[in-house]
Amino acid sequence: EQSGTDKKSLYYNAGNAAFLLADYTRAQEYFSLSLAADSSWAYSYLNRANTHVQLRKYREAIDDYTEYLGLSPDSVQTPEIKRMIAALNDELVFREQEAVRKSEEVERIRHEEARLTAERERRAEEQARIAAEKAQAEAERRRKILEEVAASLQAGASTNVSAGTEGVLDYEYEE
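Residue 89 in this note's numbering sits at position 89 of the sequence shown, with consecutive numbering throughout.
Keep in mind that the hints were calculated from the coordinates and are not lab data. Just so you know, not all the hints are guaranteed correct.
Said to hold, decoys possible - With a straight-line cut-off of 20 angstroms between C-alpha atoms, the simulated DMTMM-like cross-links for lysine to aspartate or glutamate are: (1) LYS57 to GLU112; (2) LYS102 to GLU91; (3) LYS102 to GLU113; (4) LYS7 to ASP38; (5) LYS82 to ASP23; (6) LYS57 to GLU67; (7) LYS57 to GLU80; (8) LYS57 to GLU113; (9) LYS102 to GLU133; (10) LYS57 to ASP74; (11) LYS57 to ASP90; (12) LYS82 to GLU98; (13) LYS8 to GLU98; (14) LYS144 to GLU126; (15) LYS102 to GLU140; (16) LYS57 to GLU91; (17) LYS82 to GLU112; (18) LYS82 to GLU67; (19) LYS102 to ASP90; (20) LYS82 to GLU60; (21) LYS102 to GLU80.
Stated by the list, open to error - Estimated spans, in silico, between C-beta atoms of each pair: (22) SER152 to THR117: 50 to 56 angstroms; (23) ARG115 to ASP90: 32 to 38 angstroms; (24) GLU172 to GLU148: 45 to 51 angstroms.
Using N, Cα and C, we set each Cβ at its ideal position, and we do this for glycine too.
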């Protein structure tokens, strides 16, 4: 708060300390505060870019590395930073491709599950149809048996059985 304080350096050093403690979120905040104090200080961009890499914020890291190179085009680190930018771009492309692949895989699985569900339903309907046909065939078989038994009983009922006197022998009893 005092006038004449070198805020960009204080925040920059606080960011470095937080980075060394692996508190990357706080380091990012401090490097951003350093840049708010002096947006032309290249080192804050470089260190914030490194922090973004740790936080896996690759797009932001590329932006900060690019800003650093714009402010310090003759830096001895330029070749390494360009390699890092290329690697981060490759990673972003890979992530996009991986996201597309995962999306396609989710869609393929959804279609396969729908197909399997339809197949299960078709099989259940087929089993129900077969069971109904068997039940109908069994009912028809029982109906025919009943008709045959009824017909047999009808035929037997129409036969006359006589208990008449023809062929009756007369027995005499001796007393």
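Q | Index of numbered hints that the structure contradicts, given in increasing order | A | 1, 5, 8, 9, 10, 12, 13, 14, 15, 17 and 21
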